[in-house]
Amino acid sequence: MMDAQCSSCALNPLTDSGLLAREGSADATVVLAGNPNVGKTSVFNALTGLRQHTGNWPGKTVLQARGFYPHRDKRIEVVDLPGTYSLSARSPEEEVARDAICFGNPDVTVVVVDATALERNLNLVLQIAEVSDRIVVCVNLLDEARRKHVWIDLKELALELGLPVVGTVALARRGILELKDAIDQIVSGQLSPSPKKPVYSEDVEAAIVGIVPSIQEINHTSLPDRWIALRILEGDDSILGKLEQFYRRDDATMTEQAMAS
Amino acid sequence: MTHAPYQDRFTVLREVAKRQKSRGMVDRIVQRLYGRAEEISEHTVSVQPGGIAWRWDDWADRIVTSRVWGVASMIAILGAILWVTIAGANVPSALLADGLFWIEAQLTVLFESLGSPAWLHGFLVLGVYRGLAWVIAVMLPPMAIFFPLFTFLEDLGYLPRVAFNLDRLFQRAGGHGKQALTMAMGFGCNAAGIVATRIIESPRERMLAILTNNFMPCNGRWPTLITMATLFIGGAVIVGQTTVAAAALVALVLIGVFMTLGVSWALTKTMLRGLPSAFTLELPPYRRPQLGRIFVRAFIDRTLKVLWRAIIVAAPAGGITWILGNVFVGDKALLYHASGALDGFGHALGLDGIILMAFILGLPANEIVMPIMIMGYLGSGAMLELDSLSQLKTLLVDQNGWTWLTAVCVMLFSLLHYPCGTTIYTIYKETLSVKWSTLSAIIPLVIAIAVCFAVAQLVRALGLV
Numbered sequence: 001m002m003d004a005q006c007s008s009c010a011l012n013p014l015t016d017s018g019l020l021a022r023e024g025s026a027d028a029t030v031v032l033a034g035n036p037n038v039g040k041t042s043v044f045n046a047l048t049g050l051r052q053h054t055g056n057w058p059g060k061t062v063l064q065a066r067g068f069y070p071h072r073d074k075r076i077e078v079v080d081l082p083g084t085y086s087l088s089a090r091s092p093e094e095e096v097a098r099d100a101i102c103f104g105n106p107d108v109t110v111v112v113v114d115a116t117a118l119e120r121n122l123n124l125v126l127q128i129a130e131v132s133d134r135i136v137v138c139v140n141l142l143d144e145a146r147r148k149h150v151w152i153d154l155k156e157l158a159l160e161l162g163l164p165v166v167g168t169v170a171l172a173r174r175g176i177l178e179l180k181d182a183i184d185q186i187v188s189g190q191l192s193p194s195p196k197k198p199v200y201s202e203d204v205e206a207a208i209v210g211i212v213p214s215i216q217e218i219n220h221t222s223l224p225d226r227w228i229a230l231r232i233l234e235g236d237d238s239i240l241g242k243l244e245q246f247y248r249r250d251d252a253t254m255t256e257q258a259m260a261s
Numbered sequence: 262m263t264h265a266p267y268q269d270r271f272t273v274l275r276e277v278a279k280r281q282k283s284r285g286m287v288d289r290i291v292q293r294l295y296g297r298a299e300e301i302s303e304h305t306v307s308v309q310p311g312g313i314a315w316r317w318d319d320w321a322d323r324i325v326t327s328r329v330w331g332v333a334s335m336i337a338i339l340g341a342i343l344w345v346t347i348a349g350a351n352v353p354s355a356l357l358a359d360g361l362f363w364i365e366a367q368l369t370v371l372f373e374s375l376g377s378p379a380w381l382h383g384f385l386v387l388g389v390y391r392g393l394a395w396v397i398a399v400m401l402p403p404m405a406i407f408f409p410l411f412t413f414l415e416d417l418g419y420l421p422r423v424a425f426n427l428d429r430l431f432q433r434a435g436g437h438g439k440q441a442l443t444m445a446m447g448f449g450c451n452a453a454g455i456v457a458t459r460i461i462e463s464p465r466e467r468m469l470a471i472l473t474n475n476f477m478p479c480n481g482r483w484p485t486l487i488t489m490a491t492l493f494i495g496g497a498v499i500v501g502q503t504t505v506a507a508a509a510l511v512a513l514v515l516i517g518v519f520m521t522l523g524v525s526w527a528l529t530k531t532m533l534r535g536l537p538s539a540f541t542l543e544l545p546p547y548r549r550p551q552l553g554r555i556f557v558r559a560f561i562d563r564t565l566k567v568l569w570r571a572i573i574v575a576a577p578a579g580g581i582t583w584i585l586g587n588v589f590v591g592d593k594a595l596l597y598h599a600s601g602a603l604d605g606f607g608h609a610l611g612l613d614g615i616i617l618m619a620f621i622l623g624l625p626a627n628e629i630v631m632p633i634m635i636m637g638y639l640g641s642g643a644m645l646e647l648d649s650l651s652q653l654k655t656l657l658v659d660q661n662g663w664t665w666l667t668a669v670c671v672m673l674f675s676l677l678h679y680p681c682g683t684t685i686y687t688i689y690k691e692t693l694s695v696k697w698s699t700l701s702a703i704i705p706l707v708i709a710i711a712v713c714f715a716v717a718q719l720v721r722a723l724g725l726v
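Going down the list, the protein sequences come from chains A and B. This note's numbering puts the last residue of the first sequence at 261; the count rises by one with no breaks. This note's numbering puts the last residue of the second sequence at 726; the count rises by one with no breaks.
The set of hints was computed from the structure by calculation and includes no laboratory data. It should be emphasised that the depicted structure is a prediction, and the values quoted were computed from it without experimental measurement. Glycine residues also receive a C-beta, built at the ideal position from the N, C-alpha and C atoms. Treat each hint with caution, since some may be false.
[Unchecked claim] Restraint ranges, calculated between C-beta atoms of paired labels, are given here:
{"#": "1", "chain 1": "B", "residue 1": "ILE324", "chain 2": "A", "residue 2": "GLU178", "range": "36 to 46 angstroms"}
{"#": "2", "chain 1": "B", "residue 1": "TYR295", "chain 2": "A", "residue 2": "GLU156", "range": "15 to 25 angstroms"}
{"#": "3", "chain 1": "B", "residue 1": "ILE324", "chain 2": "A", "residue 2": "GLN190", "range": "46 to 56 angstroms"}
{"#": "4", "chain 1": "B", "residue 1": "GLY682", "chain 2": "A", "residue 2": "SER222", "range": "20 to 30 angstroms"}
{"#": "5", "chain 1": "A", "residue 1": "GLY49", "chain 2": "B", "residue 2": "ILE364", "range": "31 to 41 angstroms"}
{"#": "6", "chain 1": "A", "residue 1": "GLU178", "chain 2": "B", "residue 2": "GLY682", "range": "41 to 51 angstroms"}
{"#": "7", "chain 1": "A", "residue 1": "VAL209", "chain 2": "B", "residue 2": "PHE519", "range": "52 to 62 angstroms"}
{"#": "8", "chain 1": "A", "residue 1": "HIS149", "chain 2": "B", "residue 2": "ILE703", "range": "51 to 61 angstroms"}
{"#": "9", "chain 1": "B", "residue 1": "ASP319", "chain 2": "A", "residue 2": "GLU156", "range": "22 to 32 angstroms"}
{"#": "10", "chain 1": "B", "residue 1": "SER463", "chain 2": "A", "residue 2": "SER222", "range": "31 to 41 angstroms"}
[As the list claims (entries may be wrong)] Now the stretches of chain A that chain B is said to cover, found in silico as 3 or more residues with beta-carbon under 8 angstroms:
{"#": "11", "stretch": "141–150"}
{"#": "12", "stretch": "207–221"}
{"#": "13", "stretch": "234–246"}
Please take these sequences and the hints and turn them into a complete structure.
Printed below as a string of C-alpha cells:
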C-alpha cells in the first residue's frame, strides 16, 4: 500500500536535497551507483547531456545530482549518487547512496563498475543484487582497461551475474545508447533480470531462516526479508531504525483510516 | 506507557543484531561475496601477458608519493602553476585594462556630448563602470590561467596524492588524511570544501576539517593575492620578479597549511579531543585529462562564475562607494568618516581604514574586497587615470602610503581572516550548530588579527619600513 506513495514521501531521499529541482514528472527513475571514482558522474553527464563537475578522485560527488533524458517516448530521470563501496553506509555520503538504492524504489539501478578493477567493484554489484533485481551493470573505462591490456568478457559476465551488462567509455560517449536501451528494456518490462543470489554457509542460512518470520511481520518496505536478515546477522542495527520509521508511518496511516471508517 | 506489540519484534531483532557483533558470522557473510566476486572475475577478466609491465604511472607515483620527494614535488608543482599564472597574466591584464579604459574615455565623451549632469557621469562611469573595469582587468587573466591548470591536476588524479603525502602530518595534528582533499577543494571554493568534508566519516575529524578549511585561499581570494604578490613582492626585486612573486604565494599557501595543522592540533587538545581514526585512501589511477573539456569547464564553471559574482556585487558596490566618497558631511566625505574611524586599528595591523572596510564589506564575497579597496582609494577625488597595473601601484603607494608591509599584511589577512558569508552559511547547514558556525569565523579572525599585528609591530620595531 505504501510502496506507491513512497516515491514522493519524506522518507524517500530521492526527493530531497537534489542539486536540480524536479522539473515535471518522469516515466521512470534510474539511479547511478558504484564505487568511488569509477566515472559515475561521467556516465551521468553522457546520459543527460548535463555538465556536473567531474574529477579524478574518490569522493568528488557528495550530493546527488539529477537530470533527465528522453528515450523511446519516455522521459527518464537519472540520479547520480555519491560513490560507495558497500551498502553498509559508514559515512553521510555513503548513506545518501544506500538510502537511495534501498529505500528510494528506483525503477532501475545502474551499477557503474571500473573495468580496470572489476573484481573489487563486483562486490558492490553482488550486494545490490541482493536488494533488487532491476539492475543494469555498466562496465565503464573500457578504454583504460584496454590500455592496460585487460580484457573483459562482457557476455560471460552477464551470464555469471544473471544481469544485463553494457560496456562503456563514458567520456567518449561510447556505449551510452546501448545503456539507454538496456535501461529501457527493464523499464518497459521486456526484460526482468533474475540475478543469481549467493547461498551462504549452513549456519548463516539457518540463522536467516530463524529470523525471517519476525522480519516479515515488520517489513513494510520493498526490501527482501532475506537481505534484511543478512544485515541483522552482520550486526547492523541501523537498518532496524529505518524499518521502524516505515512501520510507524504505516501504523499511523492505518489507525487514521480505521478511525475514519 | 503503552507498548505496541510490534516493538517486541524490533527489540528481539535488535538483540540478535547486538549478539552478532562478537561472532564470526559477519566475516562469513562478507567472505561469501568476496569469494563470488573473485570467482566471477577469474571467469571473465583476462590480462595479456606483458601488458602491465610498462607502467609510467607506477614510476610517477614513486616520485610524487615518496617520503623524500613527495612534499618537495608538491611544492614545486604548486610553484610552477603560480609562476605560469603570474607570468602569463601580466600582458593580457595590461591589454584588458587598456581596452576597458579606452571605453571609459569614450563613455565620458558620450556623456558630455549628451550634456548629462556631472553626478550622473560620476556615478555611472567613474563609479560603476570603472569599478567593473578594474575587477575584470585584474581578476580575469589570472583566473583564466590558474583554474584550467588546477582542473588539469584534478582530472589527472594528482589531488589524492597530495592527501597521501600530507596524511602523516594530519595524523600527528589529530586530523584525518582526507582533510587534505577537502583543503584542495577549498582551494577552489571554501563552501565546496565544506560540503566535501562529508567524505570524512568521523564527526570529530570532520569538524576539524570544517573549522580549518578557511585557511586555504579560495577562488575569490586568489586574484587579490596574486596581484599583491606581483606588484609588491615581485615588484620589489629587479631580476626574477615572477619567480619571487610565485615563491611568495607558495610560502603563503604553506602558511595556510601550517595554520590548518596548528589549529587542528590545538582543537584536538582542547575542544575536540580524540584520537585520529585510521582510514584507507585509495590512489586512483592517473587518467588522461580531457584537454578541451578542462578548458571549457574551468573557464565557464569557475572563471566566469567567480567573475560574475564579483561583477554583480562590485557594480552596486562601486556606485555606493562613489556616493560615499562624494557625499560630504562637514569637511569630509562619508567614506572617510567611516574609514577614518577604522584607521587607527587598521594601522596597528599594518593595514588602514579603507582596507579594513573593504574586508568587512567583502563578507558576502571575497571577490569584491579588492574592488572595494580600489574604489575607496579612487573615490578620494584625486581622479587618476588608471590604465595599467603599475598605475595601480602608484595609486596605492604614492597616494595612499602603502609599503611592502601593507601588501604583506593584506595577503596575510586575506589568507586568514574569515570564510565568506556563503561558506559560513554552508557550515551552518552542514553542522546545524550556531556555536560551531560562529567559531568557524571567530577562530580565523582572532588568528588573522594576531598574526597581522605581530608582523606589523615586529617589522616596524626593526625599522624595516
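Cross-check of the supplied hints:
1. A hinted range of 36 to 46 angstroms holds for the C-beta pair B/ILE324 and A/GLU178, which are about 40 angstroms apart.
2. Between B/TYR295 and A/GLU156 the C-beta distance comes to about 20 angstroms, which sits within the given range of 15 to 25 angstroms.
3. The given range of 46 to 56 angstroms is respected by B/ILE324 and A/GLN190, whose C-beta atoms sit roughly 52 angstroms from each other.
4. For the pair B/GLY682 and A/SER222, the beta carbons lie near 43 angstroms from each other, so the given range of 20 to 30 angstroms is not met.
5. Between A/GLY49 and B/ILE364, the C-beta spacing of about 37 angstroms keeps the proposed range 31 to 41 angstroms intact.
6. Range check, A/GLU178 to B/GLY682: about 47 angstroms between beta-carbon atoms, so the 41 to 51 angstroms window is met.
7. Look at A/VAL209 against B/PHE519: about 59 angstroms separates their beta carbons, and that is inside 52 to 62 angstroms.
8. Taking 51 to 61 angstroms as the suggested C-beta distance range, the pair A/HIS149 and B/ILE703 conforms, at roughly 56 angstroms.
9. Taken as a hint, the range 22 to 32 angstroms holds for the pair B/ASP319 and A/GLU156, whose Cβ atoms sit roughly 29 angstroms apart.
10. For the pair B/SER463 and A/SER222, the beta carbons lie near 32 angstroms from each other, so the given range of 31 to 41 angstroms is met.
11. For the stretch 141–150 of chain A, the proposed coverage by chain B is satisfied: 4 residues have a C-beta within less than 8 angstroms of a C-beta in that chain, meeting the threshold of three.
12. Residues of the stretch 207–221 of chain A with a Cβ under 8 angstroms from some Cβ of chain B number 6, which satisfies the need for three, so the listed coverage holds.
13. Counting residues of the stretch 234–246 of chain A whose beta carbon lies closer than 8 angstroms to any beta carbon of chain B gives 7, which meets the minimum of three for the stated coverage.
The structure fails hint 4 only (numbered hints given earlier).
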